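> Residue numbers (my numbering), protein chains in the order written: chain F, 646 to 1141; chain E, 646 to 1141.
Treat each hint with caution, since some may be false.
For lysine to aspartate or glutamate, the following DMTMM-like pairs were computed, each having C-alpha atoms within a straight-line distance of at most 20 Å [what the hints assert, rightly or not]:
#	chain 1	residue 1	chain 2	residue 2
1	E	K659	F	D815
2	E	K924	F	D710
3	F	K658	E	D700
4	F	K987	E	E986
5	E	K658	E	D700
6	F	K816	E	E922
7	E	K1060	E	E1046
8	E	K1079	F	D815
I should point out that these hints are in silico values taken from the structure, not numbers from a laboratory. Fair warning: this is a prediction, and the values are worked out from it, not measured in the lab.
In case you want the letters, here they are:
There are 2 protein chains.
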Amino acid sequence: MAKSAVQQGRLSKKQYEAQLPGLREQLIQLQVQLKESRFKVVLIVAGVAGAGRGDVLNALGEWLDPRGVETFSFHTPTDEERDRPLMWRYWRSLPASGRIGIFAGSWYTETLREESLNKKELAQLNHELRRIRHFEKLLADNGTLIIKIWLHLSKDNQRERLRALEADPDKAWRVTDDDWEAHRKYDEVGETARKIVRETDRPEAPWTVIDSTDERARNLVIGDLLVRRFRSHIKRSGRRSLKPIEPPRRPRSLAPSGLRRLHATPLDQKLSETDYEEKREKWLGRLHRCIRNAQAARRSVVFVFEGWDAAGKGGAIRRLTSAVDVRFYRVVPIAKPTDEEKAHHYLWRFWRHIPRDGYVTIFDRSWYGRVLVERLEGFARPDEWRRAYDEINDFEEQQTEHGTIVIKFWMHVSKEEQLHRFRARAGTAYKTHKINQEDWRNRRKWQGYEVAVGDMLALTSTSFAPWHVIPSNNKRFARLQMLKTSCRAIEQALDK
Amino acid sequence: MAKSAVQQGRLSKKQYEAQLPGLREQLIQLQVQLKESRFKVVLIVAGVAGAGRGDVLNALGEWLDPRGVETFSFHTPTDEERDRPLMWRYWRSLPASGRIGIFAGSWYTETLREESLNKKELAQLNHELRRIRHFEKLLADNGTLIIKIWLHLSKDNQRERLRALEADPDKAWRVTDDDWEAHRKYDEVGETARKIVRETDRPEAPWTVIDSTDERARNLVIGDLLVRRFRSHIKRSGRRSLKPIEPPRRPRSLAPSGLRRLHATPLDQKLSETDYEEKREKWLGRLHRCIRNAQAARRSVVFVFEGWDAAGKGGAIRRLTSAVDVRFYRVVPIAKPTDEEKAHHYLWRFWRHIPRDGYVTIFDRSWYGRVLVERLEGFARPDEWRRAYDEINDFEEQQTEHGTIVIKFWMHVSKEEQLHRFRARAGTAYKTHKINQEDWRNRRKWQGYEVAVGDMLALTSTSFAPWHVIPSNNKRFARLQMLKTSCRAIEQALDK
């Protein structure tokens, strides 16, 4: 079925039991090593009906230390899941670093099921497979060991297995109507499965097809595979240095057009207080209607606020929220990750917070920290932050494809205006908490940040989620601009 | 309306702005102190329509450092929420230690709404209010500062406010049909609200009624209240030592009947291998049918496995899961809490994992750690673990009232049998990971643990979630007993 198919014969109980202790010892050692290392293992167990997914899970459950293992399976999506992009339910089920996640159901299950029912257009299937490849690549790039097992059983063996179970009155309950249905559709399901396996058999996430005719041999092969893949993964990741590299003092721009855009932004706009107050109420009203219309259309809205320190993100967010019913929005300020968040891919903590259909989430700083502070401070290695542009675009594309309206603001102030505001903050008792040594340190790296911001604008301004640069030297002008831009973005998205 | 009503007059803009800086400084200091301390703040903002909940949130949002604040509100429950006990959605929204959670909607919202619609029987309302009191007491006992604000507005003022907004074309959008509906029902809603406020106005979670006629005065009073309540909370919790007390060598039993039950359990049962295998398949089949019937009835099942080290919890769980379709169960092994979990009430991590209707969750160790290892090792103070019996009973009652079938096993072995198994483990290469210094240490405290287990059996064996003591010196006997007990418990629950 696939090039990586594993051959095995039949095993007697005696042979099986002779080999077990050695295998179990290796698996336990593997878990000890895994706990110390910083990666995770994702093991997908898929295959034809009757091939014994449940038995494999039980064998692994017996061999492995359960405290380091989580088992996941997926049934009909809940409404919380349907109300978000397809991959949300899988993101929220990923194991943490040092742990093994065994997926009895997975991102393949739905695709396979629906496809076998002939419900999908080819284009749609190909699109889903592309998503899956991207998802697995992202996990693998992050150091995750991905092992995908396809349990195979010939049509004759499948029938034989089901009949044997049915013949024993105490075991007949194990055979369901679904199993026989799968047997009748053996050939169609097989063809779909072959396509899916072929299209998702990648170096970073290869499939291994395992013959399930002999249950003991199957179990041993799976245990062995786990040990072998783990060892070669350890060896390979050992070669790659995990230490962050000292970032260069003057980062080189990847895409200078972004920096030019930033520099070309005029910052000297003015707006009088009366003018502002009058227009503000008008635009707040319009924004309020926009968001209600989005809700009526079951569309969610994600706002991303990025900008220089003291550029006025907080104030802008408060103007924005005053137009939204408190029951429907949530502000998510992004500070240091918790250790649970650190034990996951950097996008995991943001997937956690994306809104349900009809709701609004406002990110006060966001996933762009990966290509800004983490790039500048060396918290991410160059290969990590360089890859992030693509990962982020995909993340936002998944949201917009689902129907979410993604609106991103870069609040831009001049270096002089920032200095002015820092000093004002330092001089106001209830604002001193807003300014600390880190802000001054960041300010000294202004030039480097400019390069990073420019690259971000150039590389993540997509048709589905463009960046809006908001001139923010004048706070009133900035807030009004933000309101107008938000309205237009939502109206445009709803018009389509 | 309530004894704690706060009086205030009108404030000019000038007076307001003169007082603001001092207040904001205090609030920021409060947040710094809060971050260092280990408690959390829950602030509930409720009240009549038009009293300005949104404005209050925005004012607090401006004054507080947003990185330490989360705002929650609740709309129609999702199916994931409806599929679990009422309080699940609130548990999953609690702030972590050192943070402020502002609840624009809360556990009062639904109760108030439904009650005003006259949908509830008095008994049902009283039951819900009891739940709320229990929940708030549990939070307060755990050190949470609970501040509950009821924003009041007279019927005339409400009408005036709504009309004034409507008269301004730019602000008219702020008034909804719901607001006018609430105005028409002013008296009924008021009566219900008075009852709810009266019944839930407790020393650990008092209500403060705040007049909303003057918006500026209202905002200042709320800010002041936050500061005052915070200070007195700090003073009070400072008096109470937070250091765990060295546990006594020989714990005294609270309820000796449990220890007697444990000692009276016969442990010398035998079961031959053939006998076991034959009966096992029969009972697995029956259990399989039971769980399918539970699913058909949209009932979830929670299994709790507790027992002596090496009593055979893991093996028993694997027998159990072999009867359940992999898509429907989840095994949750309980080890050390993550730091995210540690920043919450000890029950939070278990609320996280309770199953949806129709699903099965198996806890390999559980919330009973609070009254076992935490009691014995001094990880919990005596007042904490003593209180836990009641908190746990309530937790399980909420589950069973919702329809969950809770089945609890204590797997009991003799001290001799444990020694025998420890030695066998130490002598088998792939089992040595199952035995460590801690196990030997726990074993030396056998007598103390016996007392704790006895108290647990006596104090948490309720009609809705009784303990089943499984004699486990003979593994086969224990597994079969566990299967039989599970079947009967599910059948009995479905019969009702």
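> Does D700/E sit within 20 Å of K658/E, going by the straight-line distance between their CA atoms?
holds, 16 Å
> Given the hint that K816/F pairs with E922/E, does the C-alpha gap stay at or below 20 Å?
holds, 12 Å
> Hinted pair, alpha-carbon criterion (20 Å max): K1079/E, D815/F. Please report holds or violated.
Between K1079/E and D815/F the Cα gap is close to 33 Å, so the pair fails against 20 Å, i.e. violated.
> Is the straight-line distance between the alpha-carbon of K1060/E and that of E1046/E 20 Å or less?
Not OK: K1060/E and E1046/E at ~37 Å, beyond 20 Å, violated.
> Under the criterion that the straight-line Cα-Cα distance not exceed 20 Å, is the pair K658/F, D700/E satisfied?
Outside the cut-off at roughly 73 Å; violated.
> Are the Cα atoms of K659/E and D815/F separated by 20 Å or less?
Violated: K659/E and D815/F sit about 84 Å apart, past 20 Å.
> Given the hinted pair K924/E and D710/F, is their Cα-Cα distance within 20 Å?
violated, 28 Å
> Is K987/F within 20 Å of E986/E, Cα to Cα?
Answer holds: K987/F to E986/E is near 14 Å, not above 20 Å.
Of the hints listed earlier, those the structure fails to meet are numbers 1, 2, 3, 7 and 8, in rising order.
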